[in-house]
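Sequence lines, in order, name chains A and B. Take the first sequence: its letter number 148 is residue 148 in the working numbering, and every next letter is one higher. Take the second sequence: its letter number 114 is residue 276 in the working numbering, and every next letter is one higher.
Hints may contain errors.
[Claimed, not checked] Now the in silico label distances, taken between C-beta atoms and shown as ranges:
#1 B:GLU317 <-> A:GLY72: 39 to 47 Å
#2 B:GLU317 <-> A:ARG116: 36 to 44 Å
#3 B:LYS269 <-> A:GLU99: 38 to 46 Å
#4 B:GLU317 <-> A:LEU85: 49 to 57 Å
#5 A:GLY72 <-> B:ASN309: 42 to 50 Å
What the hints contain is simulated information worked out from the structure, not anything from laboratory work. Note that beta-carbon positions come from the ideal geometry of N, C-alpha and C, so glycine has one too.
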Amino acid sequence: MERLDLREIQNAFEGPLEQFVRDSGVRLAVLINRSGQVLAQHGFDRFYDLIGVAALAAGINASSRALAGQLGEDHFEHLHHAGQLRQLFLGRFDSGAGELMLVTVFDDSSSIGLVRVFFEDFARRIRQLPAMDAARSSVSSREFEAELESSLDRFFQDLIGG
Amino acid sequence: MSLVNYATREITCKIVYYGPGRSGKTTNLQYIHSRVPWDRKGEMVSLATETDRTLFFDFLPIELGQISGFTTRFQLYTVPGQVYYNATRKLVLQGADGVVFVADSQKSQLEADIESFRNLQENLLEHGIDIRDIPVVIQYNKRDLPNVLSIERLEEELNFRNVPSYPASALLGEGVFDTLRSASEGVLRKLASKLDVSFELKNGERIGSRGR
């Protein structure tokens, strides 16, 4: 099982994301990993809207990569979908934290050209973050495991009983 | 890939419901969605064909609650069961922390169950995962139908690794939460065994501060 722990790097992601939003004028932006998990976000009010978007974007990214493979490419750089009022831009890049994707939504207060320019800038900032390595954490696995069974009992009693 | 966020004290894990076409994977998620309180679930997203067969995946995020001060969330996915969609099945499996294999108990579906289980092993291997290294739970679904195989026979054919298994009638909700509970426990136990390790910056330089 792979695992990504974010305490130290979360703030590091948020800074460049806020900078990207200011520079490019986009409305919504979310940085996700390959599994569709959210690393940083701007503009989403509802948590569950956010993770729905993230899951769908990860699916688009995964199918796009598979299509690229069938065409002899490693991946496609960007995806851009334009609607009547809003546009969606998905840009992937490699980083010290693995393959990441920036998903962003913008309207006529920005443009695809602007978004692409500042996406490159954003990706460069993330790549410049120091590499990560494994280290000890003070979270106790024993304590977690001890609570696990009773917590699950409680959750599922609530669900089944409720 | 499970995600442990020490800053916001959140754990997010991915469980994939796998199995042959029409075995009841989407029905499991629909039942879960119908029973989980609104404030502990998101919208269920279904990417389906015009005949309601899963095309890419169904997705349902749910929150279990707190364990050791961590808000624990699961992202539940289904794969398309039809043989034709193996490429997308493989994509959905990517990053899975645990798998629920939903078998169809009907006699006529045994070959499809076996083929799908074999396909699961192959697709996991393509992601570099040995099926013995990932929590797997088997659900023998459609127990309410006539002409089903005995649990013993199904165990013999599918459960040679002796993983947790549950009879179910997902349409009626029977066995759905037993299965999910078991898969959640397997995933979180595996996560707990690695919980003492986190990432820090290679050169000792830190961004942000460690609160604990």
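C-beta pair B:LYS269, A:GLU99: status relative to the range 38 to 46 Å that was hinted | Roughly 44 Å apart at Cβ, these two residues keep to the hinted range, so it holds.
Supplied distance hint 39 to 47 Å, evaluated on CB atoms of B:GLU317 and A:GLY72 | holds, 45 Å
Can the suggested window of 36 to 44 Å be confirmed for the beta-carbon pair B:GLU317 and A:ARG116?
-> Hint violated: Cβ distance 55 Å, outside 36 to 44 Å.
Assessment of proposed distance window 49 to 57 Å (beta carbons of B:GLU317, A:LEU85) = With Cβ atoms ~55 Å apart, the hint holds.
Satisfaction of the hinted span 42 to 50 Å by the C-beta atoms belonging to A:GLY72 and B:ASN309 = holds, 48 Å
Of the numbered hints stated above, the single one contradicted by the structure is hint 2.
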